[in-house]
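Listed below are the residues making up each chain.
Number of protein chains: 2
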Amino acid sequence: MFERICIVGVGMIGGSVARAARAKQWCGSITGFGRHEAGLKRAVELGVIDDYQLDLGEAVKGADLVVFCSPVGTFEDLFRQLQADWSPNTLYTDVGSTKGSVVAAIRKVFGRIPENFVPAHPIAGSENNGVEASRVDLLHQRRVILTPDEDTDATMLKTCQSFWEALGAEVCCMSVDHHDTVLAATSHLPHVLAFALVELLRSKEDEQELFKYAAGGFKDFTRIASSSPTMWADICMANADKIISLLDDYKQSMDDIGRCLQTQDRDSLLSFFEDANDARRQYLEQLK
Amino acid sequence: MFERICIVGVGMIGGSVARAARAKQWCGSITGFGRHEAGLKRAVELGVIDDYQLDLGEAVKGADLVVFCSPVGTFEDLFRQLQADWSPNTLYTDVGSTKGSVVAAIRKVFGRIPENFVPAHPIAGSENNGVEASRVDLLHQRRVILTPDEDTDATMLKTCQSFWEALGAEVCCMSVDHHDTVLAATSHLPHVLAFALVELLRSKEDEQELFKYAAGGFKDFTRIASSSPTMWADICMANADKIISLLDDYKQSMDDIGRCLQTQDRDSLLSFFEDANDARRQYLEQLK
Numbered sequence: 000m001f002e003r004i005c006i007v008g009v010g011m012i013g014g015s016v017a018r019a020a021r022a023k024q025w026c027g028s029i030t031g032f033g034r035h036e037a038g039l040k041r042a043v044e045l046g047v048i049d050d051y052q053l054d055l056g057e058a059v060k061g062a063d064l065v066v067f068c069s070p071v072g073t074f075e076d077l078f079r080q081l082q083a084d085w086s087p088n089t090l091y092t093d094v095g096s097t098k099g100s101v102v103a104a105i106r107k108v109f110g111r112i113p114e115n116f117v118p119a120h121p122i123a124g125s126e127n128n129g130v131e132a133s134r135v136d137l138l139h140q141r142r143v144i145l146t147p148d149e150d151t152d153a154t155m156l157k158t159c160q161s162f163w164e165a166l167g168a169e170v171c172c173m174s175v176d177h178h179d180t181v182l183a184a185t186s187h188l189p190h191v192l193a194f195a196l197v198e199l200l201r202s203k204e205d206e207q208e209l210f211k212y213a214a215g216g217f218k219d220f221t222r223i224a225s226s227s228p229t230m231w232a233d234i235c236m237a238n239a240d241k242i243i244s245l246l247d248d249y250k251q252s253m254d255d256i257g258r259c260l261q262t263q264d265r266d267s268l269l270s271f272f273e274d275a276n277d278a279r280r281q282y283l284e285q286l287k
Numbered sequence: 000m001f002e003r004i005c006i007v008g009v010g011m012i013g014g015s016v017a018r019a020a021r022a023k024q025w026c027g028s029i030t031g032f033g034r035h036e037a038g039l040k041r042a043v044e045l046g047v048i049d050d051y052q053l054d055l056g057e058a059v060k061g062a063d064l065v066v067f068c069s070p071v072g073t074f075e076d077l078f079r080q081l082q083a084d085w086s087p088n089t090l091y092t093d094v095g096s097t098k099g100s101v102v103a104a105i106r107k108v109f110g111r112i113p114e115n116f117v118p119a120h121p122i123a124g125s126e127n128n129g130v131e132a133s134r135v136d137l138l139h140q141r142r143v144i145l146t147p148d149e150d151t152d153a154t155m156l157k158t159c160q161s162f163w164e165a166l167g168a169e170v171c172c173m174s175v176d177h178h179d180t181v182l183a184a185t186s187h188l189p190h191v192l193a194f195a196l197v198e199l200l201r202s203k204e205d206e207q208e209l210f211k212y213a214a215g216g217f218k219d220f221t222r223i224a225s226s227s228p229t230m231w232a233d234i235c236m237a238n239a240d241k242i243i244s245l246l247d248d249y250k251q252s253m254d255d256i257g258r259c260l261q262t263q264d265r266d267s268l269l270s271f272f273e274d275a276n277d278a279r280r281q282y283l284e285q286l287k
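So the protein sequences, as listed, match chains A and B. So that you can map any letter, position 235 of the first sequence is 234 in numbering that gives the first Met the number 0, and since no number is skipped, the others follow by simple counting. So that you can map any letter, position 75 of the second sequence is 74 in numbering that gives the first Met the number 0, and since no number is skipped, the others follow by simple counting.
Some hints here could point you the wrong way.
A pair holds if it fits inside one copy or across any two, identical chains being indistinguishable in the list.
Straight-line C-alpha distance at most 27 Å; calculated DSSO-like pairs for lysine-lysine [to be verified]:
| no. | residue 1 | residue 2 |
| --- | --- | --- |
| 1 | K60 | K23 |
| 2 | K211 | K157 |
| 3 | K287 | K211 |
| 4 | K23 | K157 |
| 5 | K203 | K287 |
| 6 | K107 | K157 |
| 7 | K218 | K250 |
| 8 | K23 | K287 |
| 9 | K203 | K250 |
| 10 | K23 | K40 |
| 11 | K60 | K157 |
| 12 | K40 | K60 |
| 13 | K23 | K250 |
| 14 | K107 | K60 |
| 15 | K157 | K40 |
| 16 | K218 | K287 |
| 17 | K40 | K250 |
No lab work stands behind these hints: they were computed from the structure.
One chain only, chain A, in its complex shape:
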């Protein structure tokens, strides 16, 4: 339970964290910070936050929990602004999709990772943006990955874990590097691939009217290409090395498939598809 939560960036995720914290009665009041007043006003109207500040220092004043929910590209600047007033009694956590870059940003400013900053990543999202898209149940039964290190304060870590669990999430801890490796494969790469497919079709659209004949498979496959370009450009820049390595692996797969097609090697292609099909079946079973 916190007296005062400050949500830095009241968009889809920030708004959902605020809604859930209130619903689970884990806070007294919630203050929002952001750069666009219209969105913050709307968040107050929707009852997501109690009030807001356009000045970051004012926004975090008296907060015993600060949750960074803005795009990861903004973090270094935010940490710099907060450095002077960083409070040892406040728990700081975030929702950034890349953890290496977040940790690097805070290290750059503080020279180390403050013991009361617990990097976090709720694996939950939506292709819709803004506070209007926030949902009280976004975190329900979703995983939240924490990436503490040996300097993280044990009590702060425990409080942070309890907070995310109270919001409905299943919490686990792993290293920053493992987090970024896993998310590059399961989230960042798929987003890149979806953007790339839509862009490829767009480049051929004029002469061929491709989209007119795209069916349900295409629609689902490309849903994530409706995600925020800014947010995803930031994520890709922040986790570039891991994504580059996976793109190389993926191009290798394209080459292998291309060779099967070129040589009409149906057996190899079938076996490739069967392995994938089987792996997805196992993935679906594990979800149950």
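Fit chain B to the supplied structure of chain A, relying on the hints for placement.
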């Protein structure tokens, strides 16, 4: 209205065609043909077909409409078996996802495309297989592409169009080549990409437990990787040239994105994502 429809291959699509034909009262009776008796029995139990035959010649006897709904890889063999009894008064159509290969298969057997064969492709599907997955409304408001040529009998073509429209579909005509180009981009390539992503993660799964942390975006992106491997290996073989060409374009996109990541060229990546995001927005608007 047909006296007797023969559905060759009573799976998800064939079963849906049968269900809709019956619901729209476009047939007297429906006979199914297949190689696996259990599935045909189940189709009778479900009321999808009235009866079945395991002998193709018997199955088509007296049918005034034959719809080929088995995997495209089986077509040449089916045409060969039917050649002797090919009836000039019967309309033959199909649901194959590739049209070049279907037309090539029938040409190989008959030396030409019979004037009463109207190649068709309903752009509707599901990752689920078998007659149990068939639905009376599968074709509702979906497109069906016909690829007749100058030899196609005009009356047969008109009847074929009316049939698919009666089943709820919006029918359009285009050339075989245009069909295969469009479908390679909007359907075949996405399936290949989805299979390839799941397979890539599977190959790294043991050490990293990737699937455990895969969220909704991954699930939707890879839904089509739960499609039938056999059917998709056949489709890929049948439309290999077009898919190879798109894979080359796609690898080029991977290279471009890789370069943006390598050089931390956020602006170019953002612009790439924005174009894709915008194209998908337009695609969604057109669906309304």
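Cross-check of the supplied hints:
In the homo-oligomer, the alpha carbons of K60 and K23 lie at most 27 Å apart inside one protomer (23 Å), although the nearest pairing across protomers, at 68 Å, exceeds that limit. With identical chains, the CA atoms of K211 and K157 are at most 27 Å apart between copies only, with a shortest distance of 23 Å across copies and 52 Å within one. Taking CA atoms no more than 27 Å apart as the test, K287 paired with K211 passes between copies only; the shortest distance there is 12 Å, against 35 Å inside one copy. Taking the closest pair of Cα atoms, K23 and K157 come within 27 Å of each other only inside a single copy of the chain (18 Å); across copies the shortest separation is 63 Å, beyond that limit.
Proximity of K203 and K287 under a CA criterion of 27 Å is satisfied inter-copy only: 22 Å between copies versus 40 Å inside one chain copy. Taking the closest pair of Cα atoms, K107 and K157 come within 27 Å of each other only inside a single copy of the chain (26 Å); across copies the shortest separation is 71 Å, beyond that limit. For a Cα distance limit of 27 Å, the shortest separation of K218 from K250 qualifies both inside one copy, at 23 Å, and across copies, at 21 Å. Taking the shortest alpha-carbon separations for K23 and K287, only the intra-copy value of 25 Å comes in at or below 27 Å, while the best inter-copy value is 38 Å.
In this homomeric assembly, K203 and K250 come within 27 Å of each other (Cα to Cα) both inside a single copy, at 21 Å, and across copies, at 16 Å. In this homomeric assembly, K23 and K40 come within 27 Å of each other (Cα to Cα) only inside a single copy, at 23 Å, whereas the closest approach across copies is 53 Å. In this assembly of identical chains, K60 and K157 lie within 27 Å of each other by CA distance solely inside one copy; the values are 23 Å within and 74 Å between copies. For the homomeric pair K40 and K60, the shortest alpha-carbon distance inside one copy (19 Å) is at most 27 Å, but the shortest distance between copies (72 Å) is not.
For a Cα distance limit of 27 Å, the shortest separation of K23 from K250 qualifies neither inside one copy, at 46 Å, nor across copies, at 47 Å. In this assembly of identical chains, K107 and K60 lie within 27 Å of each other by CA distance solely inside one copy; the values are 23 Å within and 79 Å between copies. For the homomeric pair K157 and K40, neither the shortest alpha-carbon distance inside one copy (33 Å) nor that between copies (59 Å) is at most 27 Å. With identical chains, the CA atoms of K218 and K287 are at most 27 Å apart both within one copy (24 Å) and between copies (13 Å).
Taking the closest pair of Cα atoms, K40 and K250 never come within 27 Å of each other, the shortest separation being 46 Å inside a single copy and 45 Å across copies.
Going down the numbered hints, you'll see the structure goes against 13, 15, 17, while the others check out.
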